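**Student:** What follows is each chain in one-letter form.
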Amino acid sequence: MNNPRAQLPARLDVGRILIYAVLILGALISVIPFLYMLLTSLKTYGSVVVDNFWPWPPFGTEAFQWSNYPLAIETIGMDKNWHIPLFFRYLMNSVIMSGVIVVGTVVTSILAAYTFAYIDIPGKNFFFILVLATLMIPNDLTLVPKVVMVYNFKWYNTYQALTLPFLVSVFGIFLMRQFFMQIPRDLYDAARIDGASHLRYLASVVVPISQPAVMTVALLNFIWSLDNFRWPLLVTRDENMRVLAVGLQQFWVGDGSTQTQLLMAFASMIVVPVLIFYFFTQKNFTEGIAKTGIKG
Amino acid sequence: MLSKKPLAKLIAVLVLFAVVLSACAPATPPPTQAPTTAPAAEEPAKPTATTAPTATSAPKPTATTAPTATAKPVSNPPTTAEEVDSITFSKKTLVIYWHNRPQKDQDMLQSMLDEFNKTNPYGITATAEIAGASYNDVYNKINASIQAGVPPSMAVAYQNQAALYRTQDAVIDLTPFIKSKKYGLSEEDLKDYFPTFLASDANPQFKGETLGFPTQRSMEVMYYNADWLKQLGYDAPPTDWKTFEEIACKAAQTSGKAGWAFKHDASNFASQIFSRGGRILAEDGASYAFNSQAGVDTLTFIQSMFANKCAVEVPVSERNGEQNRFAKGDVLFTFGSSSGLPFYQAAVAAGGKFKWDIAMLPNTGKPAVNLYGASVSVFKTTPEQELASWLVIKFLGEKAQTVKWASATGYMPVRQSAKDEVIANFKKDAKWGPVADSYAKLFDWTQYAMVESPVAGYDPVRALIDTDLMSKVVTDPKADVKALLEAAAKKADAILKENAPK
Amino acid sequence: MQQKTNSTPQSNKKRLGDILLGYAFLAPALVLLVVFEFYPLFLGLYISMCNWRTSCRAFIGAENYIRAFTDPEMWHSLLVTATYSLVSVPVQLGLGLVVAYLLFQKIKGMEWFRMMFFMPYITTTVATAAIWAYLFSPDKGPINKLLGVFGIPGQRWLGETRGIFDLMLSGLGISLPEGLGGPNLALVSLIIYTTWVFVGYDVVIFLAGLVNIPKELYDAAKVDGANGWNIFRHITLPLLSPTTFFLTLITVIGTFKAFNHIYVMTQGGPGNATTTASIFIFQQLVTYNRYGYSAAISFIVFIIILLLTILQNKVAGERVVYE
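So the sequence lines, in the order shown, correspond to chains A, B and C. Using this note's numbering, you'd call the opening residue of the first sequence number 1 and step up by one each time. Using this note's numbering, you'd call the opening residue of the second sequence number 297 and step up by one each time. Using this note's numbering, you'd call the opening residue of the third sequence number 799 and step up by one each time.
It should be emphasised that the hints constitute simulated quantities derived from the structure, not laboratory data. Just so you know, these numbers come straight off a predicted model, no measurement behind them. Please note: incorrect hints may appear among the correct ones.
Unchecked claim - Just so you have them, the derived chain A footprint on chain B, three or more residues with Cβ under 8 Å:
# : region
1 : 420-426
2 : 644-658
As the list claims (entries may be wrong) - Here are the simulated distance ranges between beta carbons:
# : chain 1 : residue 1 : chain 2 : residue 2 : range
3 : A       : Asp186    : C       : Ser809    : 20 to 26 Å
4 : A       : His83     : B       : Lys798    : 44 to 50 Å
5 : C       : Glu909    : A       : Trp54     : 28 to 34 Å
6 : A       : His83     : C       : Val896    : 49 to 55 Å
Even for Gly, the Cβ is constructed at its ideal location relative to N, Cα and C.
Construct all of the structure, not just a fragment, from the sequences and the given hints.
**Tutor:** In structure tokens:
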């Protein structure tokens, strides 16, 4: 990592202490809400009602209510047909939705980007601009017609409605195209000389090399898909078709409206796995995102 | 991080998984409705035959021929009691009931329905589902489902919501079912129902069609912290608004405490208007009437409660937030549904552990209570399903069920004959203490019952009341209350017109 | 990437095969985009010109548009959206740049800091918004309790319609005239949340941009005796401008799309203090069942944003410096 040594001497002085102080404060602000969530999830209902900030030792005598987690799952309810807690249906629906979206965006991005990078088709520029143009179309503009389409196609309350509108990621197409264009030309020429078809070249050379970019597209679309809330809220009807975000919001205005400790337990179950996942895949995220920010 | 081979395998597995799931998805077992409503939803919004529920209008020869009865086509929905009598159940019928109670009530409701499923001779299976956390959520879901052509068989619905569904030709008139000799309610049975409960369901916008039937009722009551009230020097809860304000402001003098918890709930506003002799909707149903003096006084009251820092506002994101604040002992008075009794009880038992009770809201001389707790409406599906839904409603209204439901939820039972047993159940249960006696009083209060507004399009008006009236006076001590009311009433009338049956 | 072609029939056939393959590869993305982005535009336009209930009950032409133009609520929602954007963007980017620049100073544990700043970005909005809603609770939340420790009166945060300048100055006894109170605190609270979510993302991108500035420029400047602030102003900032431009664009677009946290935290309230265009469109659709009207509003909002974006491109594009 480059460092302009010209800026400040590396020894500790007031300036550096100040810098660390600011950064630590910022990092704490970033993290404390999560701590609040975890701590609240371990309180008893009584402590929540009386706003006891720290009911555990040394100021209090309660134990950490780990039982809030199974209790939250129980309070969220049961799927009557599958006889499993609804929470697991929510989880399954989210996994399906995100899984299909991730696979879909990766596949469509790779294929489209390959054409843009390697194949000369008539109207290529036109199509590229068309893809670009979709970035200008805000979600709000297509919300009403897409909802109507879902009703008309009889996709209301189905997995199709949750996944199909999200299978193309323009960001993904851009990123992959960028990446492909940076692959040395010699590899392509060599493959062609060997008589390899586009498909062969794509599968055996391009995709393996593009693994970092693919990971970035996959990870980012995964995170963004978990954020889907308004759309699933509008296009699903039954409890057992909800995704986690919708399930949490519905719980929040229901039992969770007074049982804050259970609400926070539910929130923790959504947030903590993603944080752990992030901890192990950090590099892919930050490097991938960084690449998208740089022009040229 | 991942080397390429496992990554490729992972992608292949995911693709396969995704393909298989998308293919299988429509077949997943949640009991959805047969889309027989699709044609109904596409018809123009004119209400079908304004059903005169008399026997004479039925040209179809039914009722006399006993043995056959399967081949006669019954109109959908059935328009006469005879048509309803002629319906038979040729196959198993599934009824889906959407409601908004939390999980433990869902469990109780389903256990009652399980008994129905076991004992009914018609092969009807009924399931209850939580469609949303509030009536509003259920309403939104139903609207979307109607658009999509897949409404439930029956659902909780306020009169105004039922009216809106009716403008879309999505719910049916229950009169033929009530009057059916084979499947309906006898005169004796009907008399057992509380008259005010039944009366509220005859809809003025649709020539007195009965668009819903009660399985429960509740009313807006004042919850108060009896111990704290005594400490402040008062023996009984206030019966007029001046005293209420006086007591509340005295309570708020202690730092960190408030006299009253304000909710962003139009029903709170309506209850106060009723208590001041006003109405939400004019008697003829042609315009909104909340911009009366009662409205002015209500908003002025709220405004001054906040200007004098006697009230605390429950944030919009903290639904039912007044409950925990009350239970902690931070708020002296709250207004809420009597169906919240079990929740308040659990909260106070976990929190402040003080003596508390319920009372009617203060009034300006003439007592009035906001009677709500929705009825159940039946959606237009098939005659068999509609009849099956009606039978479920009838079952839930029978004495045994209504006693169970009321005793568990704090709702009022719908039958007069059930009243004593429910009250006895409350009195037997130690955790209720003095509240059991107050619960008994609810029945006395029903004579003062008022209903908010049974016309289509009232839900957007409720949203309007909060955003344009209540929220404004809470934050602005200088807001011109009269002007706000006039503007809001104008908007409300426009919404009334927009949603009226064409 | 033009292939060298000979004009033999064999290579022509190969060309054709290539072209067909190209279309085939492009097809999935294009078909999906056409179905789910372009077709809805036309369908939305049609719906906006209808009295829509399940289908077009009556074709009413521009009636919904006229109604929208004369609807003060619609203009108010645009105002709220604009305020939200105008306040969010500088705050978010400013903080992001500061933090990134600090992290750039050979900080021990830089990766840990970056990770912590990034955590809010990757977690589900509805979940973190739920946490913040409780943090902001006027009587039960820790933020007001913390302020109380410092003797600052508790605020109503998500429920406050008074402007932030008004609030800050009223503590000193100054009262501002109508309309000059600044953005209302409810909106600012939402912005505080948004900033918390996105600063980490901005930090990562700014860091990448900082890293790309050639070291030699810094060394040369130091040799010339330039101090830290001048280096920052005359070298860092200009060379960072492509990144800044990119981030500004992304952030502005993001603020127009903001919905989830507003919906769950304030529902557009109190009153209409936080009713952005997104929320307004959603309310018209769900609460009022006005499909056509909601669609018309979305078109109007889109046109306005498009014009603004073109404007921003013109103005800012000229100030972007490339090497």
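**Student:** For each hint, tell me whether it holds in the structure or not.
**Tutor:** Here is what the structure says about each hint:
1. 420-426: holds (count 3)
2. 644-658: Per the Cβ count (3), the hint holds.
3. A:Asp186 x C:Ser809: 20 to 26 Å: 22 Å, holds
4. A:His83 x B:Lys798: 44 to 50 Å: Holds: the Cβ-Cβ distance is about 46 Å, inside 44 to 50 Å.
5. C:Glu909 x A:Trp54: 28 to 34 Å: 32 Å, holds
6. A:His83 x C:Val896: 49 to 55 Å: At roughly 54 Å between Cβ atoms, Val896 of chain C and His83 of chain A fall inside 49 to 55 Å, so the hint holds.
Of the hints listed earlier, there is not a single one the structure fails to meet.
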